[in-house]
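From just these sequences and the hints, can you work out the full model?
So the sequence lines, in the order shown, correspond to chains A, B and C. For the first sequence, position 344 matches number 343 in numbering that gives the first Met the number 0, and the numbering has no gaps at all. For the second sequence, position 128 matches number 127 in numbering that gives the first Met the number 0, and the numbering has no gaps at all. For the third sequence, position 78 matches number 77 in numbering that gives the first Met the number 0, and the numbering has no gaps at all.
Since no wrong hints were added, every one of them can be taken at face value.
What follows is a list of derived Cβ distance ranges for each label pair:
| id | chain 1 | residue 1 | chain 2 | residue 2 | range |
| --- | --- | --- | --- | --- | --- |
| 1 | C | ALA257 | A | ARG356 | 51 to 61 Å |
| 2 | B | GLU122 | A | GLU211 | 42 to 52 Å |
| 3 | A | VAL81 | C | ALA23 | 47 to 57 Å |
These aren't lab readings, by the way, just hints derived from the structure by calculation. Just so we're clear, the structure is a prediction, and the values are computed from it rather than from any experiment. We put the CB at the ideal spot given by N, CA and C, even for glycine.
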Amino acid sequence: MLKTTPFHERTARVCVSHAWRRWAGHIVASSYELSHEREYHAIRSAAALFDISPLYKYLVRGRDAARLLDGIATRNVAGARVGDVLYTPWCDAAGKVLDDGTVARLAEDTFRLTAADPNLRWLQDNATGLEVTIEDVSESTAALALQGPASRQILQQLTDTDLTSLKYFRITAARLREFSVTISRTGYTGDLGYEIWLEREHAIPVWDALIEAGTPYGITPAGMLALDIARIEAGLMLIDVDYVPARKALIPAQTSSPFELDIGWTVSLEKEHFVGKPALAEEARRGPAWRFTGLEIEWDALERLYDEVGLAPRLPAAAWRTSVPVYAGGEQVGYATSGGWSPLLKKYLALAHLRSRSAAPGTRLEMEVTIEHRRKRAGARVAKKPFFNPERKRA
Amino acid sequence: MPASYDAIVIGGGHNGLVCAAYLARAGKRVVVLERRDEVGGAAVSEEVFPGFTFSTYSYVVSLLRPEIIRDLDLPRHGLHILPLESTLTPLANGDYLAQWSDHDQNHRELARHSARDAEALEEFGRLMHQMARAVKPLLGMVPPDPASLAPRDLLGLMRVARHVRGLGPGAFHALCKLMTMSAADYLDEWFETDALKATKSASGIIGTLLGPRSPGTAYVLLHHYMGEIDGVFRAWGFAKGGNGSVSAAIAGAARALGAEIRTGAPVARVLVGNGRATGVALESGEEIAAQCVVSGVDPRRTFIELVGAEHLPSEFVEAIRRFKFRGSSGKVNLALGALPDFTCLPGAGPHLRGAISISPSVDYLERAYDEAKYGECSRRPYLDIVIPSMIDPAMAPPGRHVMSIFVQYAPYAVNGGWTEARRAAFGDAVIDTLAEYAPNIRSAILHRQVITPADIERTLGLSEGNIFQGELTLQQMFFLRPAPAWAKYQTPIHALWQCGAGTHPGGGVMGASGRNAALTMLGSAR
Amino acid sequence: MSEPVVIIGSGVNELVCAHRLARAGRRVLVIAAREPRDGSLLEPGWIPPAIVRDFSLDRHGLTIHRPDPWATVALPGGGALELSSDMERSVTAIRRLSPRDAERWPAFCERMARLARLLEAVYAAAPPDPLGRAPRDVLQLAAIALRARRLGRQGVEDLLRLLPISAADLLDDWFETDALKGALGAAGILHLARGPRSGGTAFNLLHHHVGSPPGVFRPPRSNVRHVLAGLPGIELRRGAEVARIGVRDGRATSVVLASGEEIAAAHVASGADPLRTLTVLADPKWLDPDLARALRHVRSRGVVARVSLMLERPAGPRALVVAPSLDDLEHAYDDAKYGRVSQHPYLEAVSAADGAAGSGRVDVHVQCAPYALAQGAWDDGRRLELGNLTVKMLSRHFPDFEAAVVTRVLSPRELEVEYGWPEGQACHAELALDQALWMRPVPALARYRTPIRGLYLCGAGMHPGAGVAGAAGAHAAQEILRDGDRT
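Following this line, the structure appears as structure tokens:
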């Protein structure tokens with residue numbers, strides 16, 4: 000018995016592909032249409048509507064709420080203003096990433112934490128002696144992501160809150176038609192977009208309102224396959240795919256620190272203490288052993304490899320999520336964990352863990368590809384993330 | 000008397016059969032001598048009531064070594080292990096706790112009781128997986144003798160030390176704790192849901208006269224995770240046709256490899272001459288000579304009864320006498336006209352295809368133990384129930400069912416001894432307990448078979464009715480099983496070997512003792 | 000460096016730690032909380048010879064009390080079994096009950112004593128680290144392994160077998176007399192929330208045998224704390240209560256008193272139990288949650304009450320034991336397990352030293368009386384009841400107790416307040432196998448260091464724990480000196 004999301008009644012109706020998958024014990028659409036292509040293009044050209052309710056959500060309240068989150072997150076949560084949203088990982092004592100998500104300061108002593116994995120126990124265990132309440136609102140809070148260049152226009156029709164003044168990584172309470180919601184200028188596509196957080200019981204009317212208001216602008220319900228391509232273009236890592244959370248790692252080699260995942264910018268070593276700080280301070284001094292970078296596969300080289308067997312290059316339409324070796328010279332220097340064809344950039348992209356010495360942008364490497372049952376190596380170049388970074392994302 | 004056999008295996012239990020099969024595979028002339036009219040020892044399927052077949056004694060397959068299945072090609076000889084998918088624990092308050100094999104379903108169910116525990120379970124599972132990996136190499140190992148200065152033993156000890164030191168601090172300390180703590184204390188560090196702790200800790204008390212709060216019971220928690228690291232993802236299974244088909248498959252393999260199996264051939268004693276085993280004498284008076292003798296029966300029976308203390312060094316006899324059996328469990332087998340209807344989860348759902356555990360709380364189990372400690376049967380015992388006919392319908396006539404109930408505690412040394420009345424009272428306590436959770440059970444019962452530790456001893460020859468041929472406690476494990484210096488399947492009598500569960504690693508339908516013994520005899524053990 | 004090393008607490012461990020540091024040239028300040036109201040009590044526990052020698056305790060008035068017979072065991076049918084340090088006398092006494100047991104007694108004592116000598120050697124240093132790769136660790140392990148092997152085959156086998164088993168299994172192997180097994184089994188459960196049928200209690204029996212001559216299974220008592228407190232070289236602040244430990248940038252820098260006074264410290268060593276030290280005295284945020292969780296699960300369940308009685312006439316040094324059988328001890332534990340005060344507890348009544356002030360005084364160890372009661376709470380009524388029960392049980396066997404006056408009853412609750420013992424547990428962390436050696440109190444803290452630099456643990460919760468006077472303190476001092484000013 001899997002759970003369904005609060006929008007299931009609507010998403011089930013439009014999911015003509017019947018392509019469902021699991022996400023945190025829920026069923027969600029892989030794609031609604033028979034192919035996910037149009038859903039992807041809606042993200043970049045109009046607006047795509049994602050049901051992101053399976054995210055874990057925790058409401059942290061009380062005098063010590065900031066103190067608790069500041070002691071867990073690597074970012075400076077205590078310094079956040081009301082209305083700020085922080086993207087942050089959190090680590091174990093060894094400085095290895097347990098999970099990543101966002102912390103939104105809803106009020107002086109009220110925060111909402113979103114996470115990919117359940118984290119109630121971790122929050123509680125860190126809260127010993129603190130005056131704070133932790134409420135798991137995963138079930139009671141529904142969430143949608145409206146992403147794409149038209150997202151602001153669509154959303155603005157339904158609310159009096161001036162969305163042009165809602166800056167990147169800010170959050171505000173608003174009324175969407177008659178429903179109280181919070182709207183954050185955040186997303187997982189690297190595009191202009193919003194995430195809408197609401198009470199479970201308002202899920203259906205809010206969905207309907209968005210579809211109604213968005214239809215003239217080309218709003219399209221979109222599934223996880225489309226999202227996967229967009230997040231790779233945006234250079235955003237995915238838990239369980241691009242990194243193994245320390246809690247699930249079977250051996251230390253499977254774990255990664257924020258520095259190794261290239262989110263060292265989130266590590267605020269000026270804070271007096273947070274879980275993992277001593278280890279991370281040491282790593283910062285030493286320099287990380289690994290880097291998580293972008294990789295652009297050289298198309299000409301790939302074409303040549305296909306040509307050798309008498310074929311034109313072929314790539315699957317969906318992004319892949321397997322581990323693929325990456326070489327420098329004859330030596331394996333890392334592995335790519337996600338990749339795929341960018342329909343927008345017309346490039347073959349991948350995200351890869353590389354030994355630090357081979358991770359400088361521009362470094363020429365080779366990635367393993369399988370062509371006609373044979374393993375080959377295609378030339379690739381280390382690229383800066385994000386691959387796609389439109390002005391409108393922050394504007 | 001000319002030796003017509005290379006080896007005689009005493010006892011056709013699964014370890015004896017495994018040992019014989021491996022010896023035969025190496026080209027040895029082997030005969031297995033089984034006292035009863037069928038092989039299998041405690042792993043037998045019997046049509047106890049017409050049309051109703053029971054795995055009379057042992058009833059699940061948990062740790063049967065995959066290498067034995069592969070080496071002896073057991074599936075070709077009829078072995079098919081079907082998955083047991085769930086465990087249902089009915090609670091005193093009318094609710095239940097179910098454990099499912101699907102991760103998401105399991106998480107959701109446990110989160111219903113405690114979101115914290117649902118999270119902790121993942122981490123716990125990861126640690127147990129690590130632990131199982133840490134312990135696995137030791138299971139297949141011939142235990143070195145820690146007091147010996149022989150190079151072989153020193154090397155063995157160094158190998159153990161290197162392995163243990165290679166675990167890293169997290170795993171090493173967790174292993175130390177698992178070896179020394181009680182299941183209840185260990186689980187307290189992880190979980191808050193009482194029924195979850197109780198059901199998990201129940202695996203730690205099986206076959207011992209210990210309670211969930213007794214130190215030394217945590218280690219057995221590992222067994223549930225042991226199967227996983229062999230790539231067998233459903234560790235607990237049910238053999239199609241009952242556990243007798245496990246024995247039949249091994250016997251079939253042994254015969255195919257050239258071993259001879261004689262049933263109805265009880266051994267009276269091991270023939271010893273000049274400090275060396277030369278053969279056996281059957282109760283019928285027949286004597287059979289062999290190059291060596293391997294005993295698959297338990298250490299007390301082997302050394303005190305079949306060999307005789309007079310042939311053995313006194314410290315060794317002392318150690319064997321000290322070896323604790325203390326059978327503590329019994330079985331109730333029911334032929335049912337209808338399925339049980341559990342008040343907590345009415346109807347015939349998927350939960351009846353798995354195990355049903357009457358272990359509502361740790362205190363419940365501990366109280367059951369308290370009574371056994373002083374020589375009484377538990378008034379409200381721990382029950383581990385399976386309904387094999389739900390998994391393999393051929394076990395019962397169409398529409399009817401067989402139910403196997405493992406019961407603990409029923410102490411062997413019950414006050415006043417086991418009598419007919421005692422046995423009936425014991426059976427009644429089991430039915431009364433079950434009826435509290437499934438009230439229709441009384442009317443569904445067509446036949447009932449009650450097996451006490453005394454019955455197990457009498458019928459199967461297991462001393463004090465201990466299902467593991469001796470308690471599986473820390474002081475009786477690895478190089479201490481069954482006696483220090485004699486844990487390497489050898490015995491103080493030249494050419495007499497041991498291959499039963501009373502040797503390392505012992506316990507359960509695992510076969511490792513039989514395999515290790517055979518490989519040691521053949522000189523190819525690691 | 001001008002700041003002193005500040006030691007929190009003034010028990011034997013803390014004082015030994017302080018003096019060791021002072022001898023090494025450190026300035027040491029000991030913060031002694033208020034004295035327990037019956038501070039005249041003698042300290043139980045073996046004092047390792049190195050400590051006696053280093054501080055010439057003999058010359059400073061150390062007196063060690065060992066009643067002989069060390070146990071006068073009440074027999075259910077009347078009379079008593081006297082167990083003495085003299086082997087022959089014990090054999091004669093036991094023979095009256097069981098010739099078989101009498102015959103076995105010397106061998107048992109000899110084999111236990113051999114294992115105790117090994118344990119003494121292990122206790123003479125910080126716990127071995129089986130995973131340690133430093134030369135020091137490897138050498139220590141090798142030395143222990145070698146020593147163990149020198150026990151010979153039988154010794155090694157005894158050791159491996161004894162460690163995990165229950166006192167009942169050990170004693171049942173050897174003896175048949177209930178009274179004898181009861182008296183020995185009692186040492187197996189001493190201060191432990193366990194019954195004699197629980198694994199690990201044979202180890203506890205051995206632990207309490209450490210430092211005693213063969214055939215004596217009770218630790219001695221001494222005035223060692225008093226003597227150490229009087230030695231020069233350290234500064235002692237009496238009557239001061241520590242409110243918290245100041246931590247800056249992950250380093251312990253001061254100790255703040257309840258009065259608000261802040262004392263800057265070069266290092267801090269705490270004799271308080273580890274949980275209190277790291278979650279109450281220091282800000283818990285410095286503990287990573289996994290360690291905090293492990294620490295919260297350290298078992299420290301107090302099960303002992305102390306009843307003080309006054310006899311009309313001093314009866315000389317005696318140790319009276321009421322522990323009729325292993326089953327009785329087990330029943331007493333069953334009660335504790337479910338949060339009940341046992342109505343048939345194990346009693347051990349020790350008289351004050353001859354000639355000492357109040358020499359009619361007898362202190363009675365009453366086990367099991369659990370800290371947490373399933374129903375109700377410890378109150379005057381319960382304490383009075385326990386006092387009366389104690390007198391009644393003792394006077395049944397020892398007539399001079401009929402007129403005994405109960406002067407004081409300390410339940411685990413009061414012991415917690417009076418002595419700072421967590422849940423009234425004198426050992427801070429119960430001495431179970433999973434809380435011994437390199438796992439004491441938890442593996443991450445076993446080397447006396449904490450996640451807070453410059454903060455050390457030196458109390459009974461550390462290896463080798465209660466029952467070995469001052470050893471934990473001495474080892475902690477060693478580690479502090481080893482770290483030097485690096486931290």
